[in-house]
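J.: The listed protein sequences derive, respectively, from chains A and B. In terms of my numbering, the first sequence opens at residue 1 and continues consecutively. In terms of my numbering, the second sequence opens at residue 1 and continues consecutively.
Source of the hints: derived by calculation from the structure; they are not laboratory data. Quick caveat, the model's predicted, so the values are computed rather than measured. Possibly wrong hints are sitting among the right ones.
Each pair may be met inside one copy or between any two copies, as identical chains are not told apart.
[What the hints assert, rightly or not] Calculated cross-link-like contacts (lysine-lysine; reagent style BS3-like; alpha-carbon spacing at most 30 Å): (1) 36 with 65; (2) 3 with 65; (3) 15 with 3.
2 protein chains.
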Amino acid sequence: MNKITLASKFAQIHKHWSPTILAELNGQHVKASKFKGEFVWHHHENEDELFLVIKGSFRMEFRDKAVELSAGDMIVVPRGVEHRPVADEEVEVLLFEPAGTLNTGNVRNEMTKDTLDRL
Amino acid sequence: MNKITLASKFAQIHKHWSPTILAELNGQHVKASKFKGEFVWHHHENEDELFLVIKGSFRMEFRDKAVELSAGDMIVVPRGVEHRPVADEEVEVLLFEPAGTLNTGNVRNEMTKDTLDRL
Numbered sequence: 001m002n003k004i005t006l007a008s009k010f011a012q013i014h015k016h017w018s019p020t021i022l023a024e025l026n027g028q029h030v031k032a033s034k035f036k037g038e039f040v041w042h043h044h045e046n047e048d049e050l051f052l053v054i055k056g057s058f059r060m061e062f063r064d065k066a067v068e069l070s071a072g073d074m075i076v077v078p079r080g081v082e083h084r085p086v087a088d089e090e091v092e093v094l095l096f097e098p099a100g101t102l103n104t105g106n107v108r109n110e111m112t113k114d115t116l117d118r119l
Numbered sequence: 001m002n003k004i005t006l007a008s009k010f011a012q013i014h015k016h017w018s019p020t021i022l023a024e025l026n027g028q029h030v031k032a033s034k035f036k037g038e039f040v041w042h043h044h045e046n047e048d049e050l051f052l053v054i055k056g057s058f059r060m061e062f063r064d065k066a067v068e069l070s071a072g073d074m075i076v077v078p079r080g081v082e083h084r085p086v087a088d089e090e091v092e093v094l095l096f097e098p099a100g101t102l103n104t105g106n107v108r109n110e111m112t113k114d115t116l117d118r119l
């Protein structure tokens, strides 16, 4: 039951697209991630995902639209929905999703992270 | 899959201690709440709770310590742990917890909210 200060956690994250576990509750993980550039198109079969922008902005692309998100904005991507985050500049994002959610969902490539850091 | 802008949601919340559902995912609710004053001591039998401060600051009191939280800080209160949020000034807080979590946990009093607003 200690305070988790997001700014100090993000200051320790130096890689992009590398979700880092900050907390676990009710079988869910809270993760911090820095995005920059284009991620891979993917979906999650059984997991909904929440993205909350802490600093900066990015675009969540769907097959039929794109949503621009800035600090203080969040979005829920329901299971089964293809999406791709794209960040023109570095952005700090908090993720809330079930423990065990794979970052690239149904896709496996060089961006897949099977093991996550914890801070 | 629409953007949820926290500032515009909090601007529509005028009562203190009245958690308002902003989103649901994986059986969990994301709630926005404004705190001011002292809440009631309580615990949740089966639910862990995450508190993330969006604006302002408050103190999470436990029976053996207190934790001061400011904007950008979060804390997880595990199930079974007695706690009481106290805010000297109004604070905006985001909550992540299982759908159906009762705000006053094991206690029932005039602060209990059986029905929550949605925004």
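J.: Using 30 Å as the alpha carbon limit, work out where residue 3 and residue 65 are close: within a copy, between copies, both or neither.
T.: between (37 Å within a copy, 12 Å between copies)
J.: Checking an output row: residue 15 and residue 3, CA cutoff 30 Å. Within, between, both or neither?
T.: both (24 Å within a copy, 26 Å between copies)
J.: I want to check one pair: residue 36 and residue 65. Are their C-alpha atoms no more than 30 Å apart within a copy, between two copies, both, or neither?
T.: within (20 Å within a copy, 40 Å between copies)
Every hint from the earlier list agrees with this structure, and none is contradicted.
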